[in-house]
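Chemist: Residue-level listing of the chains:
2 protein chains.
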Amino acid sequence: MSGRNRLIYMPLGGAGEIGMNAYVYGYGPEGKERLILVDLGIAFPDMDSTPGVDVILPDIAWLLQRLDRLEAVFITHGHEDHVGGTGHLFGQIQKPIHARKFTANLARRKLQEKGQDPKNVITAAPFPAMIDAGPFQVGFLPVSHSIPESAALVIDCPAGRIIHSGDFKIDASPIVGEPFDPDLWAEAAKPGVRALVCDSTNVFSKHPGRSEAEVAPNLKPLVAAAKGMFVATTFASNVARLRSLAEAGVASGRSICLMGRAMRRMTEAAVEEGILTDFPKTVSPEEAADIPRESLMLIVTGSQGERRAASAQLSRGKYFGMELKEGDTFLFSSKTIPGNEKEVAHIMNNLSEMGVDVVTADDGLYHVSGHANRPDLETVHKLVNPQVVIPMHGEHRHLREHAKLAESLGRTGLVVPNGTMVDLAGNAPKIVDHVETGRTYVDGSALVGQFDGVVRDRIRMALNGHVVVAVMVDDDDDILEDTWVDIRGLPEVVRGSAPLAEMMEEHLAGQLARIDTRTAGDDEKLEDLIIKGVRKVAQDEIGKRPEVTVLITRLAAE
Amino acid sequence: MSGRNRLIYMPLGGAGEIGMNAYVYGYGPEGKERLILVDLGIAFPDMDSTPGVDVILPDIAWLLQRLDRLEAVFITHGHEDHVGGTGHLFGQIQKPIHARKFTANLARRKLQEKGQDPKNVITAAPFPAMIDAGPFQVGFLPVSHSIPESAALVIDCPAGRIIHSGDFKIDASPIVGEPFDPDLWAEAAKPGVRALVCDSTNVFSKHPGRSEAEVAPNLKPLVAAAKGMFVATTFASNVARLRSLAEAGVASGRSICLMGRAMRRMTEAAVEEGILTDFPKTVSPEEAADIPRESLMLIVTGSQGERRAASAQLSRGKYFGMELKEGDTFLFSSKTIPGNEKEVAHIMNNLSEMGVDVVTADDGLYHVSGHANRPDLETVHKLVNPQVVIPMHGEHRHLREHAKLAESLGRTGLVVPNGTMVDLAGNAPKIVDHVETGRTYVDGSALVGQFDGVVRDRIRMALNGHVVVAVMVDDDDDILEDTWVDIRGLPEVVRGSAPLAEMMEEHLAGQLARIDTRTAGDDEKLEDLIIKGVRKVAQDEIGKRPEVTVLITRLAAE
Numbered sequence: 001m002s003g004r005n006r007l008i009y010m011p012l013g014g015a016g017e018i019g020m021n022a023y024v025y026g027y028g029p030e031g032k033e034r035l036i037l038v039d040l041g042i043a044f045p046d047m048d049s050t051p052g053v054d055v056i057l058p059d060i061a062w063l064l065q066r067l068d069r070l071e072a073v074f075i076t077h078g079h080e081d082h083v084g085g086t087g088h089l090f091g092q093i094q095k096p097i098h099a100r101k102f103t104a105n106l107a108r109r110k111l112q113e114k115g116q117d118p119k120n121v122i123t124a125a126p127f128p129a130m131i132d133a134g135p136f137q138v139g140f141l142p143v144s145h146s147i148p149e150s151a152a153l154v155i156d157c158p159a160g161r162i163i164h165s166g167d168f169k170i171d172a173s174p175i176v177g178e179p180f181d182p183d184l185w186a187e188a189a190k191p192g193v194r195a196l197v198c199d200s201t202n203v204f205s206k207h208p209g210r211s212e213a214e215v216a217p218n219l220k221p222l223v224a225a226a227k228g229m230f231v232a233t234t235f236a237s238n239v240a241r242l243r244s245l246a247e248a249g250v251a252s253g254r255s256i257c258l259m260g261r262a263m264r265r266m267t268e269a270a271v272e273e274g275i276l277t278d279f280p281k282t283v284s285p286e287e288a289a290d291i292p293r294e295s296l297m298l299i300v301t302g303s304q305g306e307r308r309a310a311s312a313q314l315s316r317g318k319y320f321g322m323e324l325k326e327g328d329t330f331l332f333s334s335k336t337i338p339g340n341e342k343e344v345a346h347i348m349n350n351l352s353e354m355g356v357d358v359v360t361a362d363d364g365l366y367h368v369s370g371h372a373n374r375p376d377l378e379t380v381h382k383l384v385n386p387q388v389v390i391p392m393h394g395e396h397r398h399l400r401e402h403a404k405l406a407e408s409l410g411r412t413g414l415v416v417p418n419g420t421m422v423d424l425a426g427n428a429p430k431i432v433d434h435v436e437t438g439r440t441y442v443d444g445s446a447l448v449g450q451f452d453g454v455v456r457d458r459i460r461m462a463l464n465g466h467v468v469v470a471v472m473v474d475d476d477d478d479i480l481e482d483t484w485v486d487i488r489g490l491p492e493v494v495r496g497s498a499p500l501a502e503m504m505e506e507h508l509a510g511q512l513a514r515i516d517t518r519t520a521g522d523d524e525k526l527e528d529l530i531i532k533g534v535r536k537v538a539q540d541e542i543g544k545r546p547e548v549t550v551l552i553t554r555l556a557a558e
Numbered sequence: 001m002s003g004r005n006r007l008i009y010m011p012l013g014g015a016g017e018i019g020m021n022a023y024v025y026g027y028g029p030e031g032k033e034r035l036i037l038v039d040l041g042i043a044f045p046d047m048d049s050t051p052g053v054d055v056i057l058p059d060i061a062w063l064l065q066r067l068d069r070l071e072a073v074f075i076t077h078g079h080e081d082h083v084g085g086t087g088h089l090f091g092q093i094q095k096p097i098h099a100r101k102f103t104a105n106l107a108r109r110k111l112q113e114k115g116q117d118p119k120n121v122i123t124a125a126p127f128p129a130m131i132d133a134g135p136f137q138v139g140f141l142p143v144s145h146s147i148p149e150s151a152a153l154v155i156d157c158p159a160g161r162i163i164h165s166g167d168f169k170i171d172a173s174p175i176v177g178e179p180f181d182p183d184l185w186a187e188a189a190k191p192g193v194r195a196l197v198c199d200s201t202n203v204f205s206k207h208p209g210r211s212e213a214e215v216a217p218n219l220k221p222l223v224a225a226a227k228g229m230f231v232a233t234t235f236a237s238n239v240a241r242l243r244s245l246a247e248a249g250v251a252s253g254r255s256i257c258l259m260g261r262a263m264r265r266m267t268e269a270a271v272e273e274g275i276l277t278d279f280p281k282t283v284s285p286e287e288a289a290d291i292p293r294e295s296l297m298l299i300v301t302g303s304q305g306e307r308r309a310a311s312a313q314l315s316r317g318k319y320f321g322m323e324l325k326e327g328d329t330f331l332f333s334s335k336t337i338p339g340n341e342k343e344v345a346h347i348m349n350n351l352s353e354m355g356v357d358v359v360t361a362d363d364g365l366y367h368v369s370g371h372a373n374r375p376d377l378e379t380v381h382k383l384v385n386p387q388v389v390i391p392m393h394g395e396h397r398h399l400r401e402h403a404k405l406a407e408s409l410g411r412t413g414l415v416v417p418n419g420t421m422v423d424l425a426g427n428a429p430k431i432v433d434h435v436e437t438g439r440t441y442v443d444g445s446a447l448v449g450q451f452d453g454v455v456r457d458r459i460r461m462a463l464n465g466h467v468v469v470a471v472m473v474d475d476d477d478d479i480l481e482d483t484w485v486d487i488r489g490l491p492e493v494v495r496g497s498a499p500l501a502e503m504m505e506e507h508l509a510g511q512l513a514r515i516d517t518r519t520a521g522d523d524e525k526l527e528d529l530i531i532k533g534v535r536k537v538a539q540d541e542i543g544k545r546p547e548v549t550v551l552i553t554r555l556a557a558e
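Read top to bottom, the protein sequences are chains G and L.
Following UniProt numbering, the numbering of the first sequence begins with 1 at its first residue and continues without gaps.
Following UniProt numbering, the numbering of the second sequence begins with 1 at its first residue and continues without gaps.
Don't read these hints as lab results, they were simulated from the structure.
The reader is advised that the hints may include incorrect statements.
What the hints assert, rightly or not - What follows is a list of derived Cβ distance ranges for each label pair:
#1 L:R495 - G:K281: 44 to 50 Å
#2 L:T123 - G:S497: 35 to 41 Å
#3 L:D183 - G:H207: 52 to 58 Å
From the three backbone atoms N, C-alpha and C, an ideal C-beta is built for every residue, glycine too.
If we strip away everything but chain G, and leave its shape as in the complex, we get (with noise of 0.2 Å):
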């Protein structure tokens, strides 16, 4: 068995959520795989499971345990949860990572950001070109998708080839970057795929894909027809949007200018790169300040409902020298991601008490998805025509669903959620192995697991209020008299009269005076006996049971 090669694929992230993609291959004896990783991305934290954690990494434990297997790290596109965590990891990982031009460029940004070395990215050109990895030929075979240069990967091994689609939508005119080419992915697919590793976010979506091209001729009569300032929020990475929507504004006559640091940084990744080659002169917030709003448009990040982004600010008050008022248009070219509703909701609500005129893309006139739906799905499917299609980039149900679709177009669908590896090396893919995956959250400065316990009391004190306990003993195992009791995140008075805090110091007096020594000398229990006390009072006063922490001084003899 063991002198058998295998070619394995086991999600790390991106298999079971929509976010942190990560997925391994490997080639090899079984244990002795070389292997290479596609995608390196993020999830973003919330306040129901992620209170104060800054950004969520995939628990790259596994890899990281054998980086001496590890060829080389493939990126499909430069959205965050594809790119994010390169300037996180790369300091753990030090391997070559290969992605197109513009994806690269955003790459050795967060390199630089983290002080690492750029050019440990290295650009690589479009499929047939192929790079090697160990046993490994990648390819990077340009797709359509909401981001330019996004790219599915060709994988090549001595076990046969591999398509991993990365995120991608069938678009014949995507306005920036190159249309779907169903040649080029027949080409591809000619010598016989394995296995189609495939995006599943749209398999939901029964109607076809719509492309990007049908935005700008909504675009154009909204702006002409806006009286005031024109303000437009989308997704800074989606450069064929920013383009529509800055002609729309220079059509009308208005001055474009772009607020928020990813919409600054995604324009000049893009210009670089020469993938943006006519977009309008834009001015900055300080000139615009000089600019009749009616001859003005801000194309503004934090579509999603960002606290700190553009979108936020400007539907709180002033940033940058610009105000909202009366009269004015904004528009979200957008669609609100399941999560932001309030956010978003949020800020509409401020623009509405501005009496700023509010558009959405609810009926679908100013934005498309950057995803494959599912009749394009099943177009992929056929123009690839693989043995296997190993649904990703999708939530369980998703995956569900989108292995079921191949299977019912006779095909063989597989459900493979993150820390799940497969073996596709026989004639039928076979699991082999489950490995224990996760988060590590980025957390300030700091990294922190997901089971370490640190977000869980987090949310504890959150749910329950925090009471705090110094307690003193003497040298004799006798408790001094000055219990001290704090409460944070608890109604400091009680039915109006009794500070909680004092009925806690009361109870806890009452008690602490009766109990021995033998208690009051051993810190476990003493500590549990005033927790009890604790959750007394709160139970009996306001119904809660708060989180308590005793902090118990012993004063030595002098």
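Use these hints to put chain L onto chain G, whose structure you have.
Modeler: Using the frame of chain G, we list chain L on its own:
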């Protein structure tokens, strides 16, 4: 001026959010208006803004200060955002509560739960019957919605008639309860209507609303085609839907089992009040355990992903002996209310992992909205033909859009957000006052004010972590050496080596060794110094700025 009688309208909740409805009307000389309250609802908390809170109530302080002028409370229908506050607040209000019989049944249960006399809830006959309440006569005008016996209110006083729509849709065949009756509405409008205070929920939905009767024909083939157990979740208060679901089950030879407290409470109330006369016979979960799964249909609570409701429990494993498995079907006969997407998706993914087929209402086949869409609002504006339309039951953006709609149809549209008092007695409506409004949190058994800082502190602990420091000062104002630091919600160990708490203790020890007795003798200065010290270490080591609590114990001379 003061001799003239005013007809005032002021929302205390519901005009600025979808939730916690509470609208005040008054008639009389300025400052002496006799008042009525329409609806007294709750809103639901979330982790982002109200962690740990159980229920949100409108802040009715303004009304409580004028209780001697309050005549009565009128509840339009039995949804929690309209009736949910009665139990919590009746103790403070102590005025008669009027409602139609089904709503009254629910309100009585709420009073009873809080130990209040349910006789304070008075069952109202429908319009043209009118109830006297000081200078007001109020009639319950039946209207279709997604719960039985919803009513608009016809509110008469010497200054004219107001129609307060409550929540409504235009449904000619609502399955359970009265169809929308345009003739009755025309009759109510006939004497002339000064103001229509009107539901704004669906003002952005451009197509005419659909009837509840459209759902049942889609349910039958779906249930009939299902192989294993069939589980359906919907809003428990949608009694019509419960009936359609149960009938689809029976038609496929399935026994019906209701699961979840709200499901039982709602059907019980509907049966008690004679609204639900022919609901199929149900079986208990215990009985259901003996029925083959292909002959069973569960109708369960938790369509919004609520953690403790039946849907979530079933998605996690066994619940009352029931357990889902491969081949079962789970239908969400509901829409996901914005903000609940992640919780609902979480359940769907759990079910997907079990191999359960999840069916949603995304196609519109298995759910219809309970609110009037934009064309339906136009219909009602025309039918009622008021002088003024005042949008309510909406976020600011809904209110503004609805007012614009009214203006576009040639009527005055007036945005009156929470806390704004408008006088409707004169020829033109006039804003006469602004009152502080807000939210009151039910937190365990305590009531907490929105600005009390309790929830703010919880959020800060969740975002930043909490460091607790205990320091002792002797009677000479010397710091004792054993300063204790305890951390919660922060990484215990930094960069794999030094424990964070110890690093803080060390830093503080160094700092405190150098201070003079003036600082040591001043609680505030000492606390300040310690907080700064702790934050410096945290910033340097983990890049965070934690919350800090300092407990200073001063030892008295013995």
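Chemist: Taking the hints in turn, state whether each one holds.
Modeler: These are the hints, each one checked on the structure:
Judged by the Cβ atoms, the range 44 to 50 Å given for R495 of chain L and K281 of chain G holds: they are separated by roughly 47 Å. For the hinted restraint 35 to 41 Å between T123 of chain L and S497 of chain G, the CB-CB distance of approximately 38 Å keeps it satisfied. The hinted window of 52 to 58 Å between D183 of chain L and H207 of chain G is violated, with their beta carbons roughly 41 Å apart.
In summary, the structure is inconsistent with hint 3 from the numbered list given earlier, while agreeing with all the others.
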